[in-house]
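Given chain D, put chain L in place with the hints provided.
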Amino acid sequence: MNSKCKEIESLLSAYLENELSPAESAHVARHLTDCPPCRELKEKLEEILLQLSDLQEEVPFFLKNRLYNIPEISEKKESGKFIYLPKWLAAAAGTIILFLNLFYFTNIFPSVNREMHAWVGSVESFVVQTGGWIEKIKESKDLLLFTFFNKKSEDNKDEKMNSDFNLNHVISKGGKNG
Amino acid sequence: MLINDYSKAVYNIALNFFADRDIAADVTQDIFLKVYHNIDKFKEERNFTAWLFTISRNYCIDYWRKNKKYFLSNQELDDKISAHDQTPEEHSVRESEVVELRKKIAQLEPELRVILILRDIQDLSYQEIAAKFSIPEGTVKSRINRARLKLAQSFAGVEQ
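Protein chains in written order, with the working numbering: chain D, 1 to 178; chain L, 1001 to 1160.
If you're looking for bench data, these hints aren't it; they were derived computationally from the structure. For clarity, every value in this text was computed on a predicted model and none was experimentally measured. Backbone N, C-alpha and C define an ideal beta-carbon position, used for all residues, glycine too. Don't take each hint at face value.
[Claimed, not checked] Incomplete in silico selection of chain L near chain D, CB under 7 Å:
{"hint": "1", "residue": "I1003"}
{"hint": "2", "residue": "S1007"}
{"hint": "3", "residue": "N1012"}
{"hint": "4", "residue": "D1020"}
{"hint": "5", "residue": "I1121"}
{"hint": "6", "residue": "P1136"}
{"hint": "7", "residue": "I1144"}
{"hint": "8", "residue": "S1154"}
{"hint": "9", "residue": "F1155"}
Okay, chain D solo, but in the shape it has when bound (with noise of 0.2 Å):
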């Protein structure tokens, strides 16, 4: 191939779609003439670019259905965003929760169980204790409001809406303090 070869095959396309000048034109179609492997190459360009035309093809009906169906599909994803977990992860949760329950609920290793129980134990008292101080640290605050302000805490105004209970309540408190 040689560079005017070259030079015809960069004109080929717009010499095809009649985009040259007739000068520019008929110089490529004097090459053509003389060139049969460049006449060729014409040959298969023109045969391509009909059978180009021809490869379009209409969209598969369970495409569409899919297609249609985009907003659902995009809603499961986002809901489905918060309860996923990496595989590996939920693997490994899963084998610890096995192991633990194991270990808690039979006695398959003794030291292991007595530690888990003492453990649990003092969690649960954990638990009371903090339950303790956060009625203690209510009842402060209450205490405080009604001495300074002489008003009685949001959680107290719902007493108010119910005589029966707010009756209750100050008859309990009043056994109480005798």
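Coordinates of chain L only, in the frame set by chain D:
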């Protein structure tokens, strides 16, 4: 509306880009999902088809690059378009020609492939392609010419 108007164009870009109907269906769905999620980013003063075609082109090229090893190892692609996938038209005389042509297109460089599909299969003008991808018209013309020549030479068994 959106799906009725544009699904055929997007599906045909994907189908002729990958020469595989299953992949084309998945890619088309992914492209429309992307459009659905990013529709608020689309500015109304822009041309919607240009935006959609840019997303389609970028997605096809990204998908091809991510799975390059797979696609290159399946360069033969002979079995990819299996008999049960074929439409009635393909069962006619030109069946093998269509399959062969898609295989050859799928072997072009991704950038050339997209432009060839838009120009010669989807029948867009040079100006339209240039505007859609914000590239000079001369670049589009030279790429189309290069793609066509490569295609013709691959049929003739000539290495460029």
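Hints, one by one, checked against the model:
no.: 1; hint: I1003; verdict: holds (5 Å)
no.: 2; hint: S1007; verdict: holds (5 Å)
no.: 3; hint: N1012; verdict: holds (5 Å)
no.: 4; hint: D1020; verdict: violated (13 Å)
no.: 5; hint: I1121; verdict: holds (5 Å)
no.: 6; hint: P1136; verdict: violated (15 Å)
no.: 7; hint: I1144; verdict: holds (6 Å)
no.: 8; hint: S1154; verdict: violated (10 Å)
no.: 9; hint: F1155; verdict: holds (6 Å)
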